[in-house]
Amino acid sequence: GQSLEQPSEVTAVEGAIVQINCTYQTSGFYGLSWYQQHDGGAPTFLSYNGLDGLEETGRFSSFLSRSDSYGYLLLQELQMKDSASYFCAVINQAGTALIFGKGTTLSVSS
Amino acid sequence: DTAVSQTPKYLVTQMGNDKSIKCEQNLGHDTMYWYKQDSKKFLKIMFSYNNKELIINETVPNRFSPKSPDKAHLNLHINSLELGDSAVYFCASSQDHRANQPQHFGDGTRLSIL
Numbered sequence: 019g020q021s022l023e024q025p026s027e028v029t030a031v032e033g034a035i036v037q038i039n040c041t042y043q044t045s046g047f048y049g050l051s052w053y054q055q056h057d058g059g060a061p062t063f064l065s066y067n068g069l070d071g072l073e074e075t076g077r078f079s080s081f082l083s084r085s086d087s088y089g090y091l092l093l094q095e096l097q098m099k100d101s102a103s104y105f106c107a108v109i110n111q112a113g114t115a116l117i118f119g120k121g122t123t124l125s126v127s128s
Numbered sequence: 002d003t004a005v006s007q008t009p010k011y012l013v014t015q016m017g018n019d020k021s022i023k024c025e026q027n028l029g030h031d032t033m034y035w036y037k038q039d040s041k042k043f044l045k046i047m048f049s050y051n052n053k054e055l056i057i058n059e060t061v062p063n064r065f066s067p068k069s070p071d072k073a074h075l076n077l078h079i080n081s082l083e084l085g086d087s088a089v090y091f092c093a094s095s096q097d098h099r100a101n102q103p104q105h106f107g108d109g110t111r112l113s114i115l
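As they're listed, the protein sequences go chains E and G. Under the working numbering, the first residue of the first sequence is numbered 19, with each subsequent residue one higher. Under the working numbering, the first residue of the second sequence is numbered 2, with each subsequent residue one higher.
Hint data in this document are derived by calculation from the structure and do not stem from the laboratory. Note that the Cβ used here is the ideal one computed from N, Cα and C, for glycine as well. Wrong hints could be hidden among the right ones.
As the list claims (entries may be wrong) - DEER-style ranges, computed between Cβ atoms: (1) Lys68(G) <-> Ser128(E): 44 to 52 Å; (2) Thr123(E) <-> Arg99(G): 23 to 31 Å; (3) Ser127(E) <-> Phe43(G): 24 to 32 Å; (4) Phe43(G) <-> Tyr88(E): 20 to 28 Å; (5) Pro103(G) <-> Asp86(E): 22 to 30 Å; (6) Asn101(G) <-> Tyr88(E): 12 to 20 Å.
Model the full assembly from the supplied sequences, consistent with the hints where possible.
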């Protein structure tokens with residue numbers, strides 16, 4: 019089967035840097051995705067890592083190490099609006115749908 | 002110009018009733034999905050359709066029946082609603098079902114069973 023582990027909660031202050039880790043167990047790996055979801059909102063795509071290394075998109079970066087079955091989402095220069103849940107996800111073995119982690123709730127304070 | 006739209010946004014009904022949720026995407030995507038998000042925010046795939054054909058049905062009770070009249074629409078019909086069906090249901094779409102394709106989610110339908 020497939021499973022993903024990520025911390026349930028992370029807190030930080032405005033302007034700080036935060037790293038949300040995700041470890042996964044999967045048979046057949048096609049890449050790691052990250053989604054953001056604000057309270058009451060829809061999940062929105064942030065990034066995808068198919069190969070090892072760092073992908074940067076503005077203040078957000080995502081990293082993957084396939085040998086360690088590990089990835090992380092790095093959020094820099096935190097803003098209050100970054101308070102949300104962040105989900106890592108992998109494609110299922112059949113390659114037909116995403117399997118999501120249980121999400122990390124990030125709370126940013128001033 | 003909403004990309005993925007689902008209706009209704011809220012649905013409050015009694016146990017035993019039958020209800021439907023509609024979803025439409027105007028992105029020209031080939032693949033559409035239904036997810037269920039429970040009160041602990043756990044997002045779980047229910048169904049996946051590619052070009053109107055069912056490609057995944059993840060251990061969902063057969064009271065749930067998806068229908069895709071064309072590749073831009075994926076509706077969800079639920080029979081004999083139960084208390085445990087209370088959740089937020091999200092429709093999503095992607096260009097195709099490859100891993101690197103972002104999924105675009107609708108705003109969700111909040112289903113409450115009385």
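Results for each hint:
1. Lys68(G) <-> Ser128(E): 44 to 52 Å: 48 Å, holds
2. Thr123(E) <-> Arg99(G): 23 to 31 Å: 29 Å Cβ-Cβ, so the 23 to 31 Å window holds.
3. Ser127(E) <-> Phe43(G): 24 to 32 Å: The hinted range 24 to 32 Å holds for serine 127(E) and phenylalanine 43(G), with Cβ atoms some 26 Å apart.
4. Phe43(G) <-> Tyr88(E): 20 to 28 Å: Since phenylalanine 43(G) and tyrosine 88(E) have Cβ atoms about 21 Å apart, the given range 20 to 28 Å holds.
5. Pro103(G) <-> Asp86(E): 22 to 30 Å: 25 Å, holds
6. Asn101(G) <-> Tyr88(E): 12 to 20 Å: For asparagine 101(G) and tyrosine 88(E) the Cβ distance comes to about 19 Å; the hint holds.
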